[in-house]
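Asks: The chain contents come next:
2 protein chains.
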Amino acid sequence: MLERFKADQNEMVFVESKSLKKISKEILVKEGMRPSFAASVSEALVAADMRGADTHGASNLIQPYVDWIRNKKTNPDPILRKVQDFAAIANFDADNGLVTGFGKEAMNIAVDKAKKFGVGVVTIKNAGHSGAIGTHAMHAVEKDMIGMVMTAVNPIVVPTFGAEQRLGTNPIAVAAPAKNEADFLFDVATSTIAGGKAKLVELAGKKLGAYTIAEPNGEPIKDEVSLPDMTFEDVLFLPFGGTRDSGSHKGYGFAMIAEIMSGILSGCESLMINNSRDDPRGALNSHFFAAFNIAAFGDVEKFKTNMDQMLIKLKETKPSPGNNRVIYPGLLEREEEIFRIKNGIPIHKNLVEWLDSLSKQYGIEKIHRRRG
Amino acid sequence: MLERFKADQNEMVFVESKSLKKISKEILVKEGMRPSFAASVSEALVAADMRGADTHGASNLIQPYVDWIRNKKTNPDPILRKVQDFAAIANFDADNGLVTGFGKEAMNIAVDKAKKFGVGVVTIKNAGHSGAIGTHAMHAVEKDMIGMVMTAVNPIVVPTFGAEQRLGTNPIAVAAPAKNEADFLFDVATSTIAGGKAKLVELAGKKLGAYTIAEPNGEPIKDEVSLPDMTFEDVLFLPFGGTRDSGSHKGYGFAMIAEIMSGILSGCESLMINNSRDDPRGALNSHFFAAFNIAAFGDVEKFKTNMDQMLIKLKETKPSPGNNRVIYPGLLEREEEIFRIKNGIPIHKNLVEWLDSLSKQYGIEKIHRRRG
Numbered sequence: 154m155l156e157r158f159k160a161d162q163n164e165m166v167f168v169e170s171k172s173l174k175k176i177s178k179e180i181l182v183k184e185g186m187r188p189s190f191a192a193s194v195s196e197a198l199v200a201a202d203m204r205g206a207d208t209h210g211a212s213n214l215i216q217p218y219v220d221w222i223r224n225k226k227t228n229p230d231p232i233l234r235k236v237q238d239f240a241a242i243a244n245f246d247a248d249n250g251l252v253t254g255f256g257k258e259a260m261n262i263a264v265d266k267a268k269k270f271g272v273g274v275v276t277i278k279n280a281g282h283s284g285a286i287g288t289h290a291m292h293a294v295e296k297d298m299i300g301m302v303m304t305a306v307n308p309i310v311v312p313t314f315g316a317e318q319r320l321g322t323n324p325i326a327v328a329a330p331a332k333n334e335a336d337f338l339f340d341v342a343t344s345t346i347a348g349g350k351a352k353l354v355e356l357a358g359k360k361l362g363a364y365t366i367a368e369p370n371g372e373p374i375k376d377e378v379s380l381p382d383m384t385f386e387d388v389l390f391l392p393f394g395g396t397r398d399s400g401s402h403k404g405y406g407f408a409m410i411a412e413i414m415s416g417i418l419s420g421c422e423s424l425m426i427n428n429s430r431d432d433p434r435g436a437l438n439s440h441f442f443a444a445f446n447i448a449a450f451g452d453v454e455k456f457k458t459n460m461d462q463m464l465i466k467l468k469e470t471k472p473s474p475g476n477n478r479v480i481y482p483g484l485l486e487r488e489e490e491i492f493r494i495k496n497g498i499p500i501h502k503n504l505v506e507w508l509d510s511l512s513k514q515y516g517i518e519k520i521h522r523r524r525g
Numbered sequence: 154m155l156e157r158f159k160a161d162q163n164e165m166v167f168v169e170s171k172s173l174k175k176i177s178k179e180i181l182v183k184e185g186m187r188p189s190f191a192a193s194v195s196e197a198l199v200a201a202d203m204r205g206a207d208t209h210g211a212s213n214l215i216q217p218y219v220d221w222i223r224n225k226k227t228n229p230d231p232i233l234r235k236v237q238d239f240a241a242i243a244n245f246d247a248d249n250g251l252v253t254g255f256g257k258e259a260m261n262i263a264v265d266k267a268k269k270f271g272v273g274v275v276t277i278k279n280a281g282h283s284g285a286i287g288t289h290a291m292h293a294v295e296k297d298m299i300g301m302v303m304t305a306v307n308p309i310v311v312p313t314f315g316a317e318q319r320l321g322t323n324p325i326a327v328a329a330p331a332k333n334e335a336d337f338l339f340d341v342a343t344s345t346i347a348g349g350k351a352k353l354v355e356l357a358g359k360k361l362g363a364y365t366i367a368e369p370n371g372e373p374i375k376d377e378v379s380l381p382d383m384t385f386e387d388v389l390f391l392p393f394g395g396t397r398d399s400g401s402h403k404g405y406g407f408a409m410i411a412e413i414m415s416g417i418l419s420g421c422e423s424l425m426i427n428n429s430r431d432d433p434r435g436a437l438n439s440h441f442f443a444a445f446n447i448a449a450f451g452d453v454e455k456f457k458t459n460m461d462q463m464l465i466k467l468k469e470t471k472p473s474p475g476n477n478r479v480i481y482p483g484l485l486e487r488e489e490e491i492f493r494i495k496n497g498i499p500i501h502k503n504l505v506e507w508l509d510s511l512s513k514q515y516g517i518e519k520i521h522r523r524r525g
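Protein chains in written order, with the working numbering: chain W, 154 to 525; chain S, 154 to 525.
Among these hints, one or two may not hold up.
No distinction is drawn between identical chains; accordingly, a pair holds when it is met within one copy or between any pair of copies.
Computed cross-link-like contacts, EDC-like style, restricted to lysine to aspartate or glutamate with a CA-CA straight-line distance of at most 20 Å [unchecked claim]:
#	residue 1	residue 2
1	K171	D376
2	K352	D161
3	K457	E422
4	K268	D238
5	K296	D452
6	K455	D238
7	K269	E295
8	K375	D398
9	K471	E372
10	K269	D238
11	K502	E355
12	K471	D387
13	K269	E488
14	K268	E164
15	K235	E164
16	K466	E422
17	K513	E164
If you are wondering where the hints come from, they were derived from the structure by calculation, not from laboratory data.
Model the full structure from these sequences, guided by the hints.
Replies: Okay, here's the thing in structure tokens:
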């Protein structure tokens with residue numbers, strides 16, 4: 154993670170992951186969420202925290218999730234309703250529930266289909282927030298499969314050459330198992346920056362990088378810049394690549410792929426047409442999950458050995474000036490996980506206060522701080 | 154296509170597509186290719202020409218393909234040998250044949266599996282050049298499916314923060330059917346520029362865009378630049394995104410996805426390990442094909458109507474200053490196809506001369522020029 158996304162370390166408190174998971178679940182239940190669903194949501198949130206994906210962890214999302222339940226922007230007791238089920242594929246309606254809570258189940262259905270057919274695909278429509286989609290992709294890796302997840306969300310990104318928001322930050326994640334190396338775990342927004350990260354930059358009082366957002370007329374801003382003083386949802390974000398020359402039309406295309414595979418394939422209108430910002434139910438996202446069964450294609454051990462060879466070759470690449478090493482997607486996440494297993498999860502002291510106040514209100518156990 | 158890729162129009166001759174297909178096939182046969190395979194190769198090449206993908210058309214590839222047959226860098230009589238076949242997936246060995254010629258067959262196998270199972274996946278290892286992978290993806294669209302194709306090729310791209318070539322230009326293509334709009338057709342290199350396009354820029358005596366290549370020490374070059382005076386295969390190309398700030402780590406990640414889904418899943422070592430530049434047989438690429446059967450997920454007509462709505466919304470986006478319109482992947486390709494159906498395919502006069510000389514040598518019919 155770049156420095157600009159990091160909060161001031163003096164303001165962070167280290168907490169136990171088990172305790173964060175427990176209190177997140179209990180608060181969601183007290184707010185009206187079905188206990189089994191609250192457990193799934195909390196598990197996915199804290200898995201993201203453990204990998205350092207703070208934007209998608211409980212550390213950043215438990216407060217908005219509580220807000221959304223209170224404002225009826227998400228259904229706290231959703232049913233994953235089957236719309237289609239045909240051999241290796243299935244399509245579901247999420248009943249406006251958080252896919253943070255349905256992600257593991259969806260990937261496990263894709264995995265079960267991949268066991269039978271070599272590949273399995275699940276789409277979900279009418280869904281809430283996705284959580285960290287890389288976390289869902291990793292559930293395929295646990296079963297020696299490649300996991301792929303995409304999400305279509307509300308538009309805040311301009312297409313290349315455009316001056317109006319048309320695309321979501323539509324993330325794409327792919328995860329694949331290695332042998333001794335960290336598993337490959339790629340999980341990115343197709344915008345230059347994820348919405349949650351842009352908010353973290355703002356909170357930390359820092360600047361966005363070059364080519365992250367556009368002027369109101371659509372021109373890419375080539376310098377570091379503060380978030381403009383306007384409603385966050387109205388800022389014109391750029392597709393990754395930033396400009397046509399360095400490939401923004403490709404970032405734009407990948408955002409469209411997520412829109413098509415998640416939104417249109419699952420039977421929604423595109424969020425460009427049916428923008429849920431105006432919908433009182435809140436986000437109406439859609440999702441795509443695929444599992445590829447490595448054993449159906451060939452030998453799993455050979456696959457993992459070849460993954461290790463490739464990942465080591467990448468790690469050992471001579472770095473360019475100013476960089477001390479080359480990394481691959483999943484390496485920092487694994488390193489952070491090892492660190493956090495030992496040291497706990499850093500969360501902002503304001504969040505600790507908020508959690509403590511809810512603990513008192515609901516009469517539940519306070520979150521465990523690590524000893525300093 | 155950007156201006157820098159266009160050859161001087163005075164040096165171009167318009168020819169009939171049927172005639173270009175016929176002569177390409179006949180030359181490949183005379184050079185030793187099996188007639189049925191030569192027909193498939195020529196069909197795919199000219200389909201790319203028709204869409205304006207000149208780098209991957211006969212206009213740019215028939216000469217190197219003849220060279221590769223003569224230098225035994227490709228097998229002119231290859232058998233697509235089944236390695237694995239399990240329900241919705243299959244894995245093949247291409248016997249070092251051009252996937253330009255096997256692409257339609259591979260996608261049709263994926264399509265047949267998707268008819269039965271909702272999704273079909275085919276991987277191919279030990280293969281030659283891919284041709285325009287978007288052309289293969291479009292064979293799924295003809296059957297009302299979404300097509301996805303990826304390819305892993307020899308490394309010429311540096312990873313983000315790196316100073317050594319580790320990744321191919323590994324292209325990814327996705328195609329999806331629209332109703333009245335041009336079909337969605339996304340087909341890009343995961344490097345800032347495709348190798349073939351860089352060569353065209355050089356031929357046209359023009360410059361590469363900003364953030365296309367790196368200095369020999371790995372530093373991204375931020376200005377327009379001529380190709381350095383060195384072996385093309387030794388130039389350090391950048392992943393698309395160009396720099397970390399504008400998202401090169403995402404271009405790098407997508408290149409790895411193509412490497413994993415094509416190369417490692419099909420049972421090859423990664424080309425990072427087993428670089429075929431040193432292999433006398435020439436390219437040993439690998440490929441991934443997937444077809445997603447829209448009818449299994451929901452209603453095909455609704456899908457296409459929703460596609461149209463989205464594509465029209467994109468086309469009608471207000472452009473940013475200096476741009477006269479917003480386009481979507483597939484729109485220019487369709488417009489070029491309509492133009493070329495009417496006017497023929499522009500090919501360089503030097504290529505016409507070369508074709509004429511081979512026609513004479515082999516006693517086959519000369520290529521048909523369009524009337525001026």
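Asks: Please flag the earlier hints that this structure goes against, numbers listed from lowest up.
Replies: As far as the earlier hints go, 1, 13, 14, 15, 17 are violated by this structure, in ascending order.
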